[in-house]
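Asks: Sequence:
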Amino acid sequence: RQRVRQRVTERDIQHKWNESINASFIKVYFFLLSCYYYRDADAQKEKEKLGENPCFPGSALVDVLKKDGKECRVSMKDLGIGDLVKTIDVSTKEVKFTPVMIFAHHNVESFSTFFKLKLEDGKKIVLSGNHLIFVGPNGKTKMARYVCINDLLNLASGGMSKVVNIEEIKEKGFICPITQEGTVVVNEVLASCYASCTNFCGIDAHKIAHAGLFPLRRFKKKIKINNASPIPNQHPYIKMLTQINLPWMAK
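Everything in the sequence shown is counted per the numbering used here, starting at 156 for the first residue and increasing by one.
One or more hints might be untrue.
Claimed, not checked - Calculated pairs, DSS-like style, for lysine-lysine (alpha carbon to alpha carbon, straight line, at most 25 Å):
| id | residue 1 | residue 2 |
| --- | --- | --- |
| 1 | Lys394 | Lys279 |
| 2 | Lys225 | Lys273 |
| 3 | Lys317 | Lys271 |
| 4 | Lys278 | Lys251 |
| 5 | Lys273 | Lys325 |
| 6 | Lys248 | Lys297 |
| 7 | Lys248 | Lys295 |
| 8 | Lys248 | Lys327 |
| 9 | Lys297 | Lys325 |
| 10 | Lys327 | Lys295 |
| 11 | Lys325 | Lys362 |
| 12 | Lys251 | Lys225 |
| 13 | Lys394 | Lys297 |
| 14 | Lys295 | Lys279 |
| 15 | Lys278 | Lys297 |
| 16 | Lys232 | Lys273 |
| 17 | Lys248 | Lys221 |
| 18 | Lys225 | Lys295 |
| 19 | Lys221 | Lys232 |
| 20 | Lys325 | Lys248 |
| 21 | Lys327 | Lys232 |
| 22 | Lys362 | Lys327 |
| 23 | Lys362 | Lys251 |
| 24 | Lys297 | Lys317 |
No wet-lab data here; the hints were simulated from the structure. Keep in mind that this is a model prediction, so the values were computed, not measured.
All chains, full assembly: derive it from the sequences and hints.
Replies: Spelled out as structure tokens, the structure:
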């Protein structure tokens, strides 16, 4: 009994320690958030001139779970708030369908610059250069513009496939769904929902960005998602975050 009690006590201590670390990180994140200052306006204009938006093109394909329990593949431009999209829990590698909370960006008409990453098994994914994608067996993220030939991308099947060709292209639409899980499977390739973020103090960029959306996830869980609401070109919370010059924000 004493041994069992000791193991339980150690497990409780470890659990509280992990909670404390997570809470501390979130507090630090939002302390720095409260001390933000706006980016230089000329830099913002230059980014707009380059036509790069942290998104996927309207032609990108995602898997959606319908009300009848059947899966179907739809274009990103036809995706709506509340739709159940195939995602992957990066900690457990579990494939699940989670709702689209918001769209960080949603424009189906304008053209933007994207990187097309072709894989050795014939799959491909098209995304903006500043969008995060999972690379390698450890599932760390990097912005698409820094992906190299022979990098291994993570697939929805649980396997990996090597990048064999990288091409910069123009495509119509720039759409970025944000799911509860923070990930999305696009053309059978696992991608983050986030962009314009870099690793900081050894913490992966995806985890930092996911923490930044914590208030929004909590808020969306407490209210019913209204898929009939009009979708703005850029969500106001995302717009505020993109105007922040924090240490982990990509220039």
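Asks: Each hint should be assessed against the structure and marked as holding or not.
Replies: Against the structure, the hints come out as follows:
1. Lys394 <-> Lys279: Violated, at roughly 29 Å.
2. Lys225 <-> Lys273: violated, 29 Å
3. Lys317 <-> Lys271: holds, 13 Å
4. Lys278 <-> Lys251: holds, 21 Å
5. Lys273 <-> Lys325: holds, 16 Å
6. Lys248 <-> Lys297: The hint holds at about 18 Å.
7. Lys248 <-> Lys295: Answer holds: Lys248 to Lys295 is near 13 Å, not above 25 Å.
8. Lys248 <-> Lys327: Status violated; Cα separation ~32 Å.
9. Lys297 <-> Lys325: holds, 21 Å
10. Lys327 <-> Lys295: Between Lys327 and Lys295 the Cα gap is close to 29 Å, so the pair fails against 25 Å, i.e. violated.
11. Lys325 <-> Lys362: violated, 29 Å
12. Lys251 <-> Lys225: holds, 13 Å
13. Lys394 <-> Lys297: At roughly 22 Å apart (the allowed maximum being 25 Å), Lys297 and Lys394 satisfy the hint.
14. Lys295 <-> Lys279: holds, 19 Å
15. Lys278 <-> Lys297: The given pair, whose Cα atoms are some 19 Å apart, holds under the 25 Å limit.
16. Lys232 <-> Lys273: holds, 21 Å
17. Lys248 <-> Lys221: Holds. Lys248 to Lys221 sits at ~22 Å (cutoff 25 Å).
18. Lys225 <-> Lys295: violated, 31 Å
19. Lys221 <-> Lys232: Since the Cα atoms of Lys221 and Lys232 sit roughly 17 Å apart, the hinted pair holds (cutoff 25 Å).
20. Lys325 <-> Lys248: It is violated: about 32 Å lies between the C-alpha atoms, which goes past 25 Å.
21. Lys327 <-> Lys232: holds, 10 Å
22. Lys362 <-> Lys327: violated, 29 Å
23. Lys362 <-> Lys251: Distance ~19 Å between Lys362 and Lys251 Cα, so the pair holds.
24. Lys297 <-> Lys317: Holds, at roughly 15 Å.
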